[in-house]
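*Asks:* Order-wise, the sequence lines are chains A and B.
Everything in the first sequence is counted per our numbering, starting at 1 for the first residue and increasing by one.
Everything in the second sequence is counted per our numbering, starting at 1 for the first residue and increasing by one.
No lab work stands behind these hints: they were computed from the structure.
Since the model is a prediction, treat every value here as computed from it, not as a measurement.
Just to be clear, a hint being listed does not mean it is correct.
To be verified - Dumping the calculated EDC-like pairs for lysine to aspartate or glutamate here, alpha-carbon to alpha-carbon at most 20 angstroms:
id: 1; chain 1: B; residue 1: 87; chain 2: A; residue 2: 250
id: 2; chain 1: B; residue 1: 87; chain 2: A; residue 2: 632
id: 3; chain 1: B; residue 1: 135; chain 2: A; residue 2: 250
id: 4; chain 1: A; residue 1: 547; chain 2: B; residue 2: 90
id: 5; chain 1: B; residue 1: 107; chain 2: B; residue 2: 57
id: 6; chain 1: B; residue 1: 87; chain 2: A; residue 2: 553
Unchecked claim - Distance ranges between label pairs, derived from CB positions:
id: 7; chain 1: B; residue 1: 88; chain 2: A; residue 2: 487; range: 20 to 28 angstroms
id: 8; chain 1: B; residue 1: 150; chain 2: A; residue 2: 663; range: 50 to 58 angstroms
id: 9; chain 1: B; residue 1: 109; chain 2: A; residue 2: 174; range: 36 to 44 angstroms
id: 10; chain 1: B; residue 1: 140; chain 2: A; residue 2: 663; range: 50 to 58 angstroms
id: 11; chain 1: A; residue 1: 553; chain 2: B; residue 2: 150; range: 53 to 61 angstroms
id: 12; chain 1: B; residue 1: 109; chain 2: A; residue 2: 155; range: 20 to 28 angstroms
id: 13; chain 1: B; residue 1: 38; chain 2: A; residue 2: 396; range: 21 to 29 angstroms
id: 14; chain 1: A; residue 1: 172; chain 2: B; residue 2: 150; range: 46 to 54 angstroms
id: 15; chain 1: A; residue 1: 333; chain 2: B; residue 2: 155; range: 39 to 47 angstroms
id: 16; chain 1: A; residue 1: 77; chain 2: B; residue 2: 88; range: 35 to 43 angstroms
id: 17; chain 1: A; residue 1: 5; chain 2: B; residue 2: 46; range: 31 to 39 angstroms
id: 18; chain 1: B; residue 1: 48; chain 2: A; residue 2: 492; range: 46 to 54 angstroms
id: 19; chain 1: A; residue 1: 463; chain 2: B; residue 2: 88; range: 30 to 38 angstroms
id: 20; chain 1: B; residue 1: 67; chain 2: A; residue 2: 174; range: 50 to 58 angstroms
As the list claims (entries may be wrong) - With the Cβ distance kept under 8 angstroms, some of the chain B side facing chain A (calculated, not the full set):
id: 21; residue: 32
id: 22; residue: 43
id: 23; residue: 82
id: 24; residue: 86
id: 25; residue: 130
Heads up, the beta-carbon is just placed ideally off N, CA and C, and yes, glycines get one too.
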Amino acid sequence: MIANFGFGALLICFVVSLYGIGAAIYGVRRNALAWTESARAAMLLTWPLLTLAAVSLVYLLVAGHYEVQFVYNVTSSAMPLYLRMTALWGGQAGSLVFWSWLMSAFASAVMLRSWQRDREFQPWVIVVSLVTLAFFLGLVIFVENPFARFWQTANGMQVISMFQPAGGTLLLPPDGRGLNPLLRHPGMIIHPPMLYLGFVSFVIPFAFAIAALITGRSDDRWIRLTRRWTLVAWLFLSLGLVFGSRWAYDVLGWGGYWGWDPVEIAAFMPWLSGTAFLHSVMIQEKRGLFKRWNLVLIIITYSLVIFGTFLTRSGVLSSVHAFAQSSIGPLFFSFISITFLISMALLLRRWNDLRSEGHMTSLLSRESLFLVNNLLFMGILVVCMWGVLFPLISELFTGQKVTVGPPFYERATGPLFAGIIFLMGIAPLSAWGHSTIKTLGRAVWKPALAALLVLIGALAAGVRSVAALITVFLIALTACITLYEYGRGVAARMRRSGENPLTALWRLAGRNRRRYGGYIIHLGVTLMAVGIIGIEMFQSETQGALKPGETLELGRYAVTFRSLAQFDTPDGRNVARAVLDVSRDGRPLGQLYPRRDYYYDSQQPMTIPGVRSSVEDDLYVLLVDWQPISSEGATFKVYHNPMINWLWAGGLVFILGTFVAAWPSREELAVVRVPAKLAVSEP
Amino acid sequence: MENSLPKSAGGLKASQPAVRGSLKFIIGGALILAAVVYLIAASLMSPGGTQYFLTVDELNGRAAEMTGREVRISGVVLGDTIQYDPKTLDISFSVAHIPGDNQEIEKLGGLAAVLKEAAHNSSLQHLKVKYNGAKPDLLKDEAQAIMTGKLGADGVFQAEELLLKCPTKYEEAVPEQSTN
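Use the sequences and the hints to build the structure in full.
*Replies:* In structure tokens form, the structure reads like this:
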């Protein structure tokens with residue numbers, strides 16, 4: 001009953017979307033505002049309809065209607081309530097519903113803003129949003145229906161279908177198979193929605209870009225209108241990536257956080273093009289350059305978002321080459337190709353209107369360094385794309401399947417990342433329009449000296465790897481410059497107005513949120529880079545089988561096996577939990593409890609590390625194996641991950657910075673707008 | 001004097017030929033492009049950069065050529081052959097051949113059916129695999145193993161990386177036991 005209701009809501013929503021597309025286009029043709037208004041109403045109607053559908057599905061999940069195939073696949077009666085609710089995005093069909101729901105929420109929110117100055121954009125923003133929405137709804141309704149149920153036909157056949165086959169009866173399994181244990185983790189509950197929010201909100205700037213192309217408005221209005229959406233999209237995408245890494249670190253039990261898996265790369269690629277976009281729109285705002293390039297970037301980002309949704313939707317384990325097996329693959333590729341080609345055709349039609357309002361003259365000017373930053377980000381994107389597509393390309397040309405692994409990505413992207421960190425340091429010091437080595441050198445020498453001290457410190461600490469030393473220097477340089485910039489700004493304010501340092505800092509960031517928020521983001525990135533260098537270059541590991549009382553040593557740490565217990569839990573797990581004493585340089589530091597959970601419903605074990613975290617490093621212990629009956633001994637794998645917590649701390653700083661940059665300033669709240677020409681004089 | 005400086009600099013900018021001004025940007029951009037292409041090419045060529053992705057049949061057929069090279073092999077785990085020493089973490093097992101082509105797999109009834117069939121078909125080619133490390137949770141009969149490593153001169157495949165998939169777990173099948 002509820003299943004039919006939810007499906008009905010989806011179906012009506014699909015029809016409403018199609019109507020909205022038609023009404024918006026017809027309204028433009030006839031120049032009739034009433035039709036646009038009707039299309040807007042259709043857009044606004046999609047959200048309540050999708051809410052009904054999503055709530056129905058959540059109800060089925062929570063109430064355990066296992067006759068529904070999706071519910072059967074992702075829940076079981078042993079699962080707690082919050083997991084049953086979040087199982088909505090535990091499988092492909094539910095993920096698509098969730099995606100659509102978020103999409104319609106965002107598009108509706110856009111509809112509620114004041115459109116007075118941008119009437120001509122509105123119908124096209126509606127069309128782009130609804131086309132995207134209709135595509136996803138079409139998938140949900142016709143291909144991946146989350147409400148499909150199990151039936152037994154009169155001749156004993158079992159079928160999966162939405163509606164009752166002739167003479168069929170409903171099959172009601174006593175229990176579901178349960179969510180993949182790997183997904184039963186707080187990180188996995190937050191990670192997909194964050195990623196999806198990021199994906200979905202990039203549709204909004206894309207919709208405005210297309211609206212600008214269709215209406216032929218060649219100024220930067222679409223960028224100014226969607227600046228905050230872009231930042232929000234970027235924030236959520238970044239959050240999604242950070243939470244995903246943390247989840248991998250906590251759950252996958254290999255002591256790492258990022259494995260250059262195609263699914264990870266698929267989520268990373270829109271972030272790369274989105275980051276390039278975020279930087280290059282500033283050049284268009286300040287100098288009127290790169291209009292075409294910005295459109296190319298947002299079009300690419302949109303395509304990558306759809307591609308990412310498709311590749312990431314089905315969770316972790318199906319990542320290795322499994323995407324070719326999904327029935328929705330060809331549909332996704334067709335949709336991506338068609339939207340990409342149409343967008344590019346629109347761009348080409350307006351190509352001559354989108355000429356730059358000036359040109360760059362100085363290689364070291366801010367806009368020029370931003371361009372280099374863009375090229376580096378796109379370079380990393382090309383490396384990633386190449387890596388993902390390489391098996392297909394090589395098979396096409398040589399008939400031989402050849403894959404690339406993490407070493408390829410690390411080697412190819414490492415220097416590019418280093419270049420980006422370097423630019424992150426010096427670009428804020430260069431001026432718009434014109435900069436020379438001399439002006440740049442004058443600004444950079446003090447922080448460079450401080451960075452040199454850090455480099456000497458690293459040498460003294462025994463770091464000998466050239467790659468590590470170069471990176472450490474670049475990170476230190478960027479961090480010092482960023483702090484120095486902050487210091488200069490604060491000092492200037494204090495001199496001018498006699499404010500105390502904290503007030504000065506607060507007001508400084510408040511006055512130019514985008515700039516100083518950006519600096520905080522840069523600082524976050526340098527912290528993350530420290531963490532990445534630590535784990536990538538200095539991780540060490542050991543393993544061994546221990547009897548109670550025996551000790552395993554790794555560097556300055558020692559772990560001593562005390563005991564092991566095995567027991568059942570009320571939520572359907574069998575837990576084997578070891579107790580270990582940890583000491584460092586002979587001083588006891590407490591205990592760790594690595595464990596192995598076996599899930600009865602999905603018949604799958606899951607390894608949960610015992611981790612001791614400090615500013616300096618993590619001690620990461622896995623329970624690998626044990627002798628269950630005699631409890632005579634157990635095997636452990638121990639990792640030492642230096643600096644890893646800087647990665648997570650950097651992530652937090654990064655997110656804080658994005659908030660600062662995205663927060664509306666008082667001027668904007670008062671809706672005072674500076675004409676674009678005047679903004680050029682701003683540093 | 002100082003006040004007039006930006007103005008004259010602006011005038012100079014405008015009088016410069018645009019072509020000469022953009023040339024250095026084109027060169028700069030080309031250099032970055034070349035660097036990206038070089039990085040991709042060099043990383044592909046460097047050891048461990050790429051691996052041939054082969055089936056068990058293909059590896060056995062080209063054993064001489066592939067010995068000592070890093071390759072990636074896909075096969076189905078034979079449950080009876082798994083041996084594991086928890087003290088040294090040495091694992092050895094055999095895998096049987098499964099087709100590498102997705103379309104071929106689909107034609108044979110999907111990955112789950114292919115794995116099930118291959119695990120119990122003794123006429124297929126086998127490959128002995130050795131691996132050192134924690135025993136993966138999914139290492140069991142009928143699992144698909146994707147291994148990266150080298151074929152030794154003794155015909156045993158020394159895996160450095162072991163990836164396992166249990167497609168039956170996630171495939172949307174009709175429940176086996178159900179009440180009406």
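*Asks:* All hints are to be evaluated individually against the structure, with a verdict given for each.
*Replies:* Checked hints:
{"no.": "1", "hint": "B/87 x A/250", "in the structure": "violated, 25 angstroms"}
{"no.": "2", "hint": "B/87 x A/632", "in the structure": "holds, 12 angstroms"}
{"no.": "3", "hint": "B/135 x A/250", "in the structure": "holds, 18 angstroms"}
{"no.": "4", "hint": "A/547 x B/90", "in the structure": "holds, 18 angstroms"}
{"no.": "5", "hint": "B/107 x B/57", "in the structure": "holds, 19 angstroms"}
{"no.": "6", "hint": "B/87 x A/553", "in the structure": "holds, 16 angstroms"}
{"no.": "7", "hint": "B/88 x A/487: 20 to 28 angstroms", "in the structure": "violated, 56 angstroms"}
{"no.": "8", "hint": "B/150 x A/663: 50 to 58 angstroms", "in the structure": "holds, 54 angstroms"}
{"no.": "9", "hint": "B/109 x A/174: 36 to 44 angstroms", "in the structure": "violated, 28 angstroms"}
{"no.": "10", "hint": "B/140 x A/663: 50 to 58 angstroms", "in the structure": "holds, 52 angstroms"}
{"no.": "11", "hint": "A/553 x B/150: 53 to 61 angstroms", "in the structure": "violated, 31 angstroms"}
{"no.": "12", "hint": "B/109 x A/155: 20 to 28 angstroms", "in the structure": "holds, 22 angstroms"}
{"no.": "13", "hint": "B/38 x A/396: 21 to 29 angstroms", "in the structure": "holds, 23 angstroms"}
{"no.": "14", "hint": "A/172 x B/150: 46 to 54 angstroms", "in the structure": "holds, 52 angstroms"}
{"no.": "15", "hint": "A/333 x B/155: 39 to 47 angstroms", "in the structure": "holds, 41 angstroms"}
{"no.": "16", "hint": "A/77 x B/88: 35 to 43 angstroms", "in the structure": "holds, 41 angstroms"}
{"no.": "17", "hint": "A/5 x B/46: 31 to 39 angstroms", "in the structure": "violated, 58 angstroms"}
{"no.": "18", "hint": "B/48 x A/492: 46 to 54 angstroms", "in the structure": "holds, 52 angstroms"}
{"no.": "19", "hint": "A/463 x B/88: 30 to 38 angstroms", "in the structure": "holds, 33 angstroms"}
{"no.": "20", "hint": "B/67 x A/174: 50 to 58 angstroms", "in the structure": "holds, 53 angstroms"}
{"no.": "21", "hint": "32", "in the structure": "holds, 5 angstroms"}
{"no.": "22", "hint": "43", "in the structure": "holds, 4 angstroms"}
{"no.": "23", "hint": "82", "in the structure": "violated, 13 angstroms"}
{"no.": "24", "hint": "86", "in the structure": "holds, 4 angstroms"}
{"no.": "25", "hint": "130", "in the structure": "violated, 16 angstroms"}
Hints 1, 7, 9, 11, 17, 23, 25 from the earlier list are contradicted by this structure; the remaining hints agree with it.
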